[in-house]
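There are 4 protein chains.
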Amino acid sequence: MVSRTGPRRSESVRLAVLNAADDLLVEQGFAGTTIEGIATRAGVAKQTIYRWWKSKVDILLDALAEDAREALAWREPAGTPAEDLVTHLHRVAGFFEEPAGQVLRALLGHAQLDKDAAASLRAGFLREQRERDLEGLRGIVRRHTGSDPEEATLVRLADLLLGPLHYRVLVLGEQADTAVLDTSARLVLELAARQDP
Amino acid sequence: MVSRTGPRRSESVRLAVLNAADDLLVEQGFAGTTIEGIATRAGVAKQTIYRWWKSKVDILLDALAEDAREALAWREPAGTPAEDLVTHLHRVAGFFEEPAGQVLRALLGHAQLDKDAAASLRAGFLREQRERDLEGLRGIVRRHTGSDPEEATLVRLADLLLGPLHYRVLVLGEQADTAVLDTSARLVLELAARQDP
Amino acid sequence: MVSRTGPRRSESVRLAVLNAADDLLVEQGFAGTTIEGIATRAGVAKQTIYRWWKSKVDILLDALAEDAREALAWREPAGTPAEDLVTHLHRVAGFFEEPAGQVLRALLGHAQLDKDAAASLRAGFLREQRERDLEGLRGIVRRHTGSDPEEATLVRLADLLLGPLHYRVLVLGEQADTAVLDTSARLVLELAARQDP
Amino acid sequence: MVSRTGPRRSESVRLAVLNAADDLLVEQGFAGTTIEGIATRAGVAKQTIYRWWKSKVDILLDALAEDAREALAWREPAGTPAEDLVTHLHRVAGFFEEPAGQVLRALLGHAQLDKDAAASLRAGFLREQRERDLEGLRGIVRRHTGSDPEEATLVRLADLLLGPLHYRVLVLGEQADTAVLDTSARLVLELAARQDP
DNA sequence: CACTAAACGAGACGGTACGTCTCGTCTTGTG
DNA sequence: CACAAGACGAGACGTACCGTCTCGTTTAGTG
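Chains as they are written, first to last, in our numbering: chain G, 5 to 201; chain L, 5 to 201; chain C, 5 to 201; chain D, 5 to 201.
Treat the hints as calculated values from the structure; they're not laboratory data. Idealized CB from N, CA, C, for every residue including glycine. Among the hints, a few may not be true.
As the list claims (entries may be wrong) - No more than 20 Å apart at the CA atoms, straight line, and that leaves these computed lysine to aspartate or glutamate pairs for EDC-like:
1) D:Lys-119 / C:Asp-27
2) G:Lys-119 / L:Glu-31
3) C:Lys-50 / L:Glu-40
4) G:Lys-60 / G:Asp-27
5) C:Lys-119 / D:Glu-101
6) D:Lys-50 / D:Asp-27
7) L:Lys-119 / G:Glu-101
8) C:Lys-50 / C:Asp-66
9) L:Lys-119 / G:Glu-102
10) L:Lys-58 / L:Glu-40
11) G:Lys-50 / G:Glu-15
12) L:Lys-50 / C:Glu-40
13) G:Lys-119 / G:Asp-62
14) G:Lys-60 / G:Glu-15
15) C:Lys-119 / D:Asp-27
16) L:Lys-50 / L:Asp-62
17) D:Lys-119 / C:Glu-102
18) C:Lys-58 / C:Asp-120
19) G:Lys-58 / G:Glu-40
20) G:Lys-119 / L:Glu-102
21) C:Lys-50 / G:Glu-40
22) G:Lys-119 / L:Glu-101
23) L:Lys-119 / G:Glu-178
24) C:Lys-50 / C:Asp-27
25) C:Lys-58 / C:Glu-15
26) D:Lys-119 / C:Glu-31
27) L:Lys-50 / L:Asp-66
28) C:Lys-119 / D:Glu-102
As the list claims (entries may be wrong) - Covered stretches of chain C (chain D as the covering partner; in silico rule of three or more C-beta atoms under 8 Å from a C-beta of chain D):
29) 116-125
30) 166-174
From just these sequences and the hints, can you work out the full model?
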């Protein structure tokens, strides 16, 4: 006999918790986002939260997976490789202004403070996003040069492409401007064409 | 008459607190670095800490100022501009492995979680470091090309130089490798020479 | 539907707190009886104490109610009215030497220092004890004289009976001796018989 | 050589401290009367207070000595012994309503909580006041009966005289009314005349 | 249609750290 | 050298959440 008796996990509870966490993060910041607060706001018992999530970081990771995958996905070709690349970069930059982007920012920030949280984030969302980024960039380069770059080269191109943007946002705390995004994109394509970096 | 009567702020207390905070951050992480713990470790009363610092972040900012300025300074020319630039980048990358670098990492992480902390960090240490970086890079470019870059160009070059490194460390959580640092440095000098980006 | 869901107040916690408070008062005195100390000694969290009591005085009032009612009760007739009256007085005098008597002494003392505490003590324990005293004395007088005294007379008799005892203990800080207790008792019965004061 | 060099204890400081303590006790109660508060209100440094007094109780004892001696003194005969006795009792009852009476009440209350404070109070003010009371009562009895009472008798008479009053004020927290004071006084004189109690 | 059995709300509990308050001591410069 | 000013170590205050643990109630299958 396989199936259990009794009630199943309530999907409405799950969504209420994720939404409450998202809302609190935007309204109260990371420190103000407490399990106690999420429970109250979601109309849920603390025990119910602890039944399904290990910590508030775990909740936010869940919320992020729900929201960020699509927002940071590489889209189908819609113009020249250069245009598509710049468009993607701008989408990423814009993402950091949205609520879901705030969640990512908070998780990246918390990852600097907590090795376990860092491991979870990197083993899950960041690893997948890194794969999506490399795959997306590989497609752009292929369309631009007609051939696939080597893996090591691709990795370095991705760092050059995404590094300045993240540096502006995470370290300098400023929105990335068009100039720096355009430069990054142009450079990456130029280097890819040279087959040199 | 200018000078106050009564005892003055004790410098030994100040140093004991900064050291205790540094030590605890490395040993226990950011969450484990509590005011209570710092006070105990430093052999100091909590009230004394609250008299001089607003929060543990404030303490860490103070500790950072004490330790990081020199470590992240641009040195006098010692080789070709390219050599000096790569050397500097490696020094920055190495800094993140040191205790003081852990403090910076923690503060950058916490800045993603707390707007006030972000403002303090950016109004103080990061603004000064940004100035040092721009000034240092300006000197390198001048020696490399014989003339000063425009300010807007310089800013973009700095983002290209430092972005990939910080992206590797803060987002991907890996040490920056020689390949990516060399590429960043080489590219920046090439762009500076072209006077184009 | 009446009953709440969830866990109920733990009686064992309540008793542990009351006992810890009693013990600390005797061992450390009133100032040394801190909420922190009670919590530690009772093996209880501070928050648990604050959930059920407003202050340490509130705890001591609770402890007093638990212990003092019986000790200060008027007993069934066991001899002549005069004998019973003297016996009761000696029991009251002896009570001040016991731990529970120390609690009452402390609360009476603190009531001189804090109007709120005074109000709590008088609205609760002291009012009830006053009623018990008047009722007990009324019974003695009835047995002695064959009729009930007037209420105003009864009040004055109670003050004459209990005043010297409390004056010795609280003001002079000496144990009440047999002579003064006997005199008080004898006088009160004499006055009651005269139906005069 | 007797006299010291340098400044002497400042009498104005002494009075400022005593007044500040008195005022604070009336305005803020005993707990609100802190050394820190007294120092601020008196415009005096804490150290200066600790130089001359051991604690706030010590200050209040000092203030009491200044104010209460006269108020609780037995006056010269002005009428019949009975009249003088009742008058004195009313003066004592009234004293508890005055600021200086509040100080005595606070010190009596605190004496229930602190053995050291109790010892100081009883070794000083209370012992002297007890002597004044016995002496005063002895004079009244002598005038009333023509002879001196025995010492043991005198003590018991004093307890009967003052006990009900103090019981009303300190335990029941009510003002002593005329009826109880008159009864006490009348009884004491009657017993003295009988030469019996 | 009972009879399980788990999910859920509520919330008591032992803890830990928070930031504040006052204590009594010690230090420094002024009159 | 008394004094004002105030830094300092100490430690209790009352609060906020933590994560764990009962409780009764509700909701599905199972027999």
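How the hints compare with the structure:
no. : hint                  : result
1   : D:Lys-119 / C:Asp-27  : holds, 17 Å
2   : G:Lys-119 / L:Glu-31  : holds, 12 Å
3   : C:Lys-50 / L:Glu-40   : holds, 18 Å
4   : G:Lys-60 / G:Asp-27   : holds, 13 Å
5   : C:Lys-119 / D:Glu-101 : holds, 14 Å
6   : D:Lys-50 / D:Asp-27   : holds, 17 Å
7   : L:Lys-119 / G:Glu-101 : holds, 14 Å
8   : C:Lys-50 / C:Asp-66   : holds, 17 Å
9   : L:Lys-119 / G:Glu-102 : holds, 16 Å
10  : L:Lys-58 / L:Glu-40   : holds, 14 Å
11  : G:Lys-50 / G:Glu-15   : holds, 16 Å
12  : L:Lys-50 / C:Glu-40   : holds, 18 Å
13  : G:Lys-119 / G:Asp-62  : holds, 14 Å
14  : G:Lys-60 / G:Glu-15   : holds, 18 Å
15  : C:Lys-119 / D:Asp-27  : holds, 17 Å
16  : L:Lys-50 / L:Asp-62   : holds, 14 Å
17  : D:Lys-119 / C:Glu-102 : holds, 16 Å
18  : C:Lys-58 / C:Asp-120  : holds, 12 Å
19  : G:Lys-58 / G:Glu-40   : holds, 14 Å
20  : G:Lys-119 / L:Glu-102 : holds, 16 Å
21  : C:Lys-50 / G:Glu-40   : holds, 19 Å
22  : G:Lys-119 / L:Glu-101 : holds, 14 Å
23  : L:Lys-119 / G:Glu-178 : holds, 13 Å
24  : C:Lys-50 / C:Asp-27   : holds, 17 Å
25  : C:Lys-58 / C:Glu-15   : holds, 18 Å
26  : D:Lys-119 / C:Glu-31  : holds, 12 Å
27  : L:Lys-50 / L:Asp-66   : holds, 17 Å
28  : C:Lys-119 / D:Glu-102 : holds, 16 Å
29  : 116-125               : holds (count 5)
30  : 166-174               : holds (count 8)
Hint check: no violations occur; every hint is consistent with the structure.
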